[in-house]
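Trainee: Could you build all of it, start to finish, from the sequences and the hints given here?
Chains as they are written, first to last, in my numbering: chain A, 7 to 281; chain B, 895 to 1163; chain C, 426 to 691.
Hints listed in this document are in silico derivations from the structure and should not be mistaken for laboratory results. Just so you know, these numbers come straight off a predicted model, no measurement behind them. A virtual CB, placed ideally from N, CA and C, is assigned to each residue, including glycine. Heads up, a few of these hints could be off.
[To be verified] Below, computed lysine to aspartate or glutamate pairings styled on EDC-like, alpha-carbon distance capped at 16 angstroms:
#1 B:Lys953 x B:Glu927
#2 B:Lys1043 x C:Glu680
#3 C:Lys688 x C:Glu632
#4 C:Lys435 x A:Glu164
#5 C:Lys583 x B:Asp937
#6 B:Lys953 x B:Asp1121
[Said to hold, decoys possible] A few chain A positions that, by computed beta-carbon distances, are all more than 10 angstroms from chain B:
#7 Ser64
#8 Thr137
#9 Asp204
#10 Asp214
#11 Glu221
[Stated by the list, open to error] Sample of chain C residues at the chain B side, in silico, Cβ under 7 angstroms:
#12 Val509
#13 Val545
#14 Pro550
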Amino acid sequence: MPERTPHTEVEGAESSAFVAWPIELDGVTVRYPNGVVALNNVSLSIAAGEMVSVVGLSGSGKSTMIRTINGLVPATNGTVTVGPHTVTTLRGKALRELRGSVGMIFQGFNLADRASVYQNVLVGRFAHTATWKTMLGMASSEDREIVLRALDSVGMLEKVWGRAGALSGGQKQRIAIARALSQEPEVMLADEPVASLDPPTAHAVMTDLERINTERGLTVLVNLHLMDLARQYTTRMIGLRAGEVVYDGPATTATDADFEAIYGRPIQSRDRLGK
Amino acid sequence: MRVPTKPRRLMVRLVWLVVGLLFVGSFWGLDLEWAKIGELPSDVVHYFGLMFSDPDWSKLPEALFQTWRSVSMAWVGALLGVALSTLLGIPAAEGVGPIWIRLPLRWLFAVIRAVPEVIIAIILLTVTGLTPFTGALALAIGGIGTHAKWTYETIEATPTGAGEAVKAAGGNLLQMVRWGLWPSASPELMSLGLYRFEINVRTSAVLGLIGVGGIGDMLTGYVQFRDWSVVGMLIIVVIVVTMTIDAVSGRIRRRIMEGAKSIELDRIV
Amino acid sequence: MTNTLVLPPKPRTWPRNVGVVLALAAMTLLTTLPRLGGVEIDLGSIARNWSNAAERIGMLLQPDLSILPRTIEPMFQTLSMAIVGTVLAAALAIPLSLWAARPTNPNGLTRRAVRFVLNVVRAVPDLVYATILVAMVGVGTLPGVITLILFDVGIVVKLVSESIDSADSAYMEGGRAAGGTQTQINKVTALPQSWPVIASQVLYSLELNVRISAILGIVGAGGIGRLIDEVRGFYRYDALSTIIIEILVVVLIIEVVSNYLRKRLR
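Mentor: Have a look at this one:
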């Protein structure tokens, strides 16, 4: 059993205190129905409140790994533990409740483009709302307040009634972050959150994630394929290659040789975001 | 000059041979009377003259009343059919329903598709009698075959990202459909619903021929009386009404599909 | 949560939404008023007819297979009509499609004329043609075949000409540059280019034809529909159910074969 971390009151946080959750993977293997082994016997533990990057080329298994943590991809073998929950044994309502405590951000933003920004962020409250109410797009005044606060914290409040599809990529990712924040999660997962963005916007979004970690004290796990972003924004780095952990150590001091070992090839210019 | 030998495309010739044989065999089996085929052009001219040289407009009010009855059948049938198709079509989409729900539903749609609406109406009228209501029900049930197929194909073609996000936030299947799939699929589905109405306008006239009422019913009557000037008027009414509905509905459909885009453009500023 | 948030004004979308809902409701109301000619939604009729209906449905559920031998000849007639109709319609539809598409017919006047005539042809439902043609040339397969041809030409020309319109027609430039006439260019370039589309739509029209020709007989235009009309007249619902199942099987077989052939075309 992972240790529960004590309540950590964060000074200056906008909302009441969070109990950040640790994450534990124990011998996790994922084999897809077509026979591909995406994750091979991966074991690692992430402490509550850590900011960790998962680095690897596409196809290295980092997308799969992040999805085993909220059960979007079921593990074939092994156990995944998030805070008090053993994800790999959860099903149905219990699994949905766990997902409600784990925020997730995607490379493609995954917004409903034709729905309003408000409705998109309201999705973050679904785990806590009666189904019939969500069918009609109704929300309690409390949920409404949470949604508006979340939008305000990413600086997108003035777009609240607009359509999600009308926004730029960076704005969309901020809406997606607001959606994850409105879940009031204990853990934040991000799957290549900046891969579809231009460099300045990418830095802005990474800064948002960093703030979520330092100000709110959330455990943050972010998939990246760019080495400079990993070094700059995260404290710990996990390297994945062909579904196995090949590096686990501090991010800032990771050498170019470490990255070459993760990528399995010499470093190229496209491995850096640059300015 | 040495020219390479021209490739003999055996398969193509074989296909043409099969098509040719099928055609000749079928034609021979039909036992058509050649004399009648010879008279056909003069017949057509003769009857066109009877129908359209002096259409009988005195029956126009009744024709319009019956046309409205056909259009009503088409509308009610489309409304019911689209509602049923949406309810059945969404669970039949990959990524929504499990396979043991998807397969039987798809089989049901294929079976309904294979049965002409007229036959569905013939079965239904044993229960509901020869009324326009039977016509509307037949259109609704018959429409499920194609419309539910379009529905699940549309749902499958919508991007899955938003649905994944709803699942990741702890939403259940219904919430995923409502806020992950519906927003991007609904304009297309509404447009298809209107298209279903256009199709039904034609089919409802056909259903009238078996006696459920409407313009088809009136037409059969006057064809049987050989009252060609009224028949001519009725055909003109059918053509004008059908083409008008097609044009109006087509314009609304374009608005629906383009509106979804243009509103987004407004908000960019 | 101390500070209050300053919200932008919410845009008024409800007038439009209410308008759309009202329009739909009004149309539905108008179409369900029997006095105007609308459909009377009479669920009571189901209850009233129930004893009668239950008996007939019972008969439908017990197909009488003894009628099968009698169905073979009309079923072949139905299939023959479908094939003859499809082939003759295809022969007519190919030149008309080229005539109705912009790249293959730059002349706006004739193009629009062809399209308009075909729109009119398409506006008349299939069985309406059959009814009128039976009255003109008499009961038999001839009115059925003509109906199928009219129906097919309308639909095939529309679909094929639209696909020629939307496809990139750069291939025609070569012909034009070489100084060919439009007819020459069409035959050498446009026709081979659009062949897969034509074949696919013709197969589709064959599928529809089998379905339509099965019921043409109801109005006297030949095929298995004649038998449907007959057994229906004698309330032989057990025999009717056999015929319906037979049509179902034949239509599904044709659909499977046609789907297979269409996949091979791509």
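Trainee: Within a Cα-Cα threshold of 16 angstroms, do Lys953 of chain B and Glu927 of chain B meet the stated pairing?
Mentor: violated (36 angstroms)
Trainee: Can you verify the interface hint for Val545 of chain C: is its Cβ closer than 7 angstroms to any Cβ in chain B?
Mentor: At about 6 angstroms, which falls below the 7 angstroms cut-off, the nearest Cβ of chain B leaves the hint on Val545 of chain C intact, so it holds.
Trainee: Holds or violated: Lys583 of chain C and Asp937 of chain B, Cα atoms, limit 16 angstroms.
Mentor: violated (28 angstroms)
Trainee: Asp204 of chain A clear of chain B by more than 10 angstroms, beta carbon to beta carbon?
Mentor: holds (17 angstroms)
Trainee: Over 10 angstroms from every CB of chain B: does Glu221 of chain A meet that, or does the non-interface label fail?
Mentor: holds (21 angstroms)
Trainee: Was Thr137 of chain A rightly flagged as not at the interface, with every chain B Cβ beyond 10 angstroms?
Mentor: violated (5 angstroms)
Trainee: Less than 7 angstroms between beta-carbons is the criterion; does Pro550 of chain C satisfy it with respect to chain B?
Mentor: At about 5 angstroms, which falls below the 7 angstroms cut-off, the nearest Cβ of chain B leaves the hint on Pro550 of chain C intact, so it holds.
Trainee: Does Asp214 of chain A clear chain B by more than 10 angstroms, comparing its Cβ with all Cβ atoms of that chain?
Mentor: It holds; Asp214 of chain A is separated from chain B by about 17 angstroms at its closest Cβ, greater than 10 angstroms.
Trainee: Can you confirm whether the C-alpha distance between Lys688 of chain C and Glu632 of chain C stays at or below 16 angstroms?
Mentor: holds (15 angstroms)
Trainee: Regarding the pair Lys1043 of chain B and Glu680 of chain C, is the alpha-carbon distance no greater than 16 angstroms?
Mentor: holds (15 angstroms)
Trainee: Does Ser64 of chain A really sit off the interface, with its C-beta more than 10 angstroms from all C-beta atoms of chain B?
Mentor: holds (17 angstroms)
Trainee: For the restraint on Val509 of chain C, tell me whether the closest CB of chain B is nearer than 7 angstroms.
Mentor: holds (5 angstroms)
Figure legend: structure checked against the earlier numbered hints; hints not met, in rising order: 1, 5, 8.
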